[in-house]
Amino acid sequence: MTALKFSRKHLGIPYALFMAMFVIFPLLLIIYYAFTDPETGGLSFINFIDFFTSNANLTALFMSFALAILTTVICLLIAYPAAYILARTNINKNGVMLLLFILPMWINFVLRTAAMKELLYKLGMFNSNNMSFINTLIGMVYDYLPFTILPIYTVLEKLDKNVLEASADLGATGIQTLFKVTIPLSMPGIVSAITMVLLPTMTSYVVSDTLGNGNITIIGKLIENQFSVMYNWNAGSAIAMILLVLIFATMIVTGKFSEEDSTDARGGGLW
Amino acid sequence: MKKVLSLILCGILFTAIIPLSSCKKQTIRELNVYNWEDYIACEDFDMVAEFEAWHEKTYGEKIVVNYSTFGTNENMYNELKLTQKGDSFSYDLVCPSEYMIQKMIIEGMCEEFDYSQLENYTKNVAPYIQDLFVKNDWYKYATCFNWGTMGFTYYPVNDEGKGVEYDDVSSWSVVTNTKYANKITIKDSVRDSYVLALGNVNGQKLLDLQNQPNFDELSTEYNKQVHELLNDFSDESIEKSRVFLTETRKNLYGFEVDSGKQDMATGKLWINFAWSGDAVYAMDLAEEEGTFLEYVVPKEGSNIFFDGWVMPKGADKELAQRFLNFMYDEANAIENLDYICYSSPIVGEQVFEYVSENYGLTTLIEVPQPTGDELEDLVFVGDKYYKEVPLALDPNFSGQSTYSLTYYDEESGEIVTDDPIEIYAHNVKHFFGDKISGDGIIYTDSLNRQLVAMYPTAETMNRCVIMEHLETADLKKLNNMWDSVKVGYMKYSTMLIIVIVAVVVLALLTTLYILKKKGVRIILPKKHLGKLVKSERIK
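Residue numbers (the numbering used here), protein chains in the order written: chain H, 1 to 271; chain G, 272 to 810.
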């Protein structure tokens, strides 16, 4: 019998346990619920059939995707220049500017959304209920902007300045360097940013409820409804699973396109 | 040394995951109460702490009350089900709304009450509420805690002509009125908004009931007919409601469950579909800002709701009933009434006095020879003592329609007599019944404010009905209707086009990507030219 020897590997056990309990097990539960009939408890596809035959559910899915994609694109358009300026210029010498961008993240999310409502109301954005979509979009962009800036900033900051100098030496203009060198090298940061914005915007119904006055229904709200009003955990899990699969597919596609040219700058992918 | 340390750290991490439930000792009896958020007095008068102290004093036994709160009936139900052990639940006393109580009774989740242990209930609860519970066969399992009606809180027309006309808002059809476009919210909850839809869909039928010959506003027959029309779950009515709500929402500001109170007080909204308790809260809130809101129950008829206490299976019945008995005590009920704005079912002389003083009109009368105990509450001005009393107790007042009230002006330190104002008499005898000896009249300056919202007239109460608990199939139908209203409708062809476009774009990108990987470069002629020119320049 060999004595139980402690090795560095054992330090990983708590984390493995944590993962098993809080990631793998809940995921299995969701899959289990999604594929069982709420009445008989047997294996069935009824939850998925119900979802895809209901116009309301599909409309909500399309709406959520539209909202999520728009939010992500706007976030990236704002965040990239911001991150670039923060990483490349002297403006952020003592970290204050970066702090100002991240600071909102430390204030309660619901509170920020409520404050945004008051602000938009003062600006007259609530004068018509056709504005609900725009208001929700503004709220989402505001809430998720820090999550977009940070990963891009991390990657851009690590970017080797010699690469840019080489690009200039070889005759590229500033714009050419940006599109041919900087952006391809910062793809991991962009992909991380997309991952962190796309899914949450499809499910954080606090924003759509507060700023959309309940006029915008996103897929997260439908999941909540199935769980807490209909007591139908099976249907709720099925919607969650569909969302998971769709997001996964989106991630694989975006991930694939970003792989090229970026293997050196992988470190920033942690975000 | 390092290894030992790591092992210890590892062990700590391990034990943190294992629940420490085994250390609990069962020496002190515990009462687990599960109630709505903000639904019990807890500031100056802490109901829970008072009960613990009272229990120790009365029974000589120290107990602990574990008080926790929930936000929706459904959350409460899920929590109960999740913590179920065999046949018993981990709470001794919960306070759901009427439809959830019905559901829990049907599912056999409740313990029966022993009314011999609840003498304060039979003594102090309004006869109307007691009858309602007996009539519906809930009394065995549930006791009423708070109740109210559903209606509209609104911003009445002000001097500049801005605001809502009473004639408009006293009917369900106000939600379709374009005069108030983007100023109305309804509830983001299918049960409540379905009543609003039915009130419109069946609106004419409801009004026709009132035009029958020999119509009696207070008859049980009328109440039954309203009950039927407002509990109409036929496919036809659900479809009509779907069409109605889809059309109406264009006229609305939106849907809410909680933000309406604040939005009314700040003036964002003019009309808010609300529970009467929330209406009183909004009125109190707006009053601090100098705005005077009003509340009305639509003339077609509406919903009456209540929250009640039930003991889930396996509850400590003795302790739970002692707690209820304590809360149903008149003095304690007043403390609760003072903290939350919902109407209490508790009635009696003390409650009547509290309501008259706080929600009715008061005036100052002279007290010729005050006794020692009275002195604290009196105002001494000039060389006379004055006492603030409900208007009904003013000897100079005999039911006139206009009257001048007197009050003590703190700034000048004088007794001031106001300009005459209109006086309305509101009778609450039908609710207080024989629990009070007087005629039950409270004088007020408006029939659309807190007092009447809390204690509606007998006529209003007779046209308010309970919305029955729904079978799963009906609930599903209703929920599908609601989803379709909330989400809207997108044509299947549009969806198809979007999917096709997305697939085509993805396919194109993938092909490009694969080609690039294989080393095939597609260079467009124009771009190529541009590059050539540039490289020449650099040379």
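Hints should not be assumed to be uniformly reliable.
Footprint (simulated), chain G over chain H, 3 or more residues, beta carbon under 8 Å [to be verified]:
hint : segment
1    : 57-64
2    : 128-139
3    : 183-197
4    : 239-250
Rather than coming from a laboratory, the hints here were simulated on the basis of the structure. Model, not experiment: these values are computed from the prediction. Backbone N, C-alpha and C define an ideal beta-carbon position, used for all residues, glycine too.
**Prompt:** Going back to the hint list, which numbers does this structure go against?
**Reply:** Result: hints 3 and 4 break, sorted rising.
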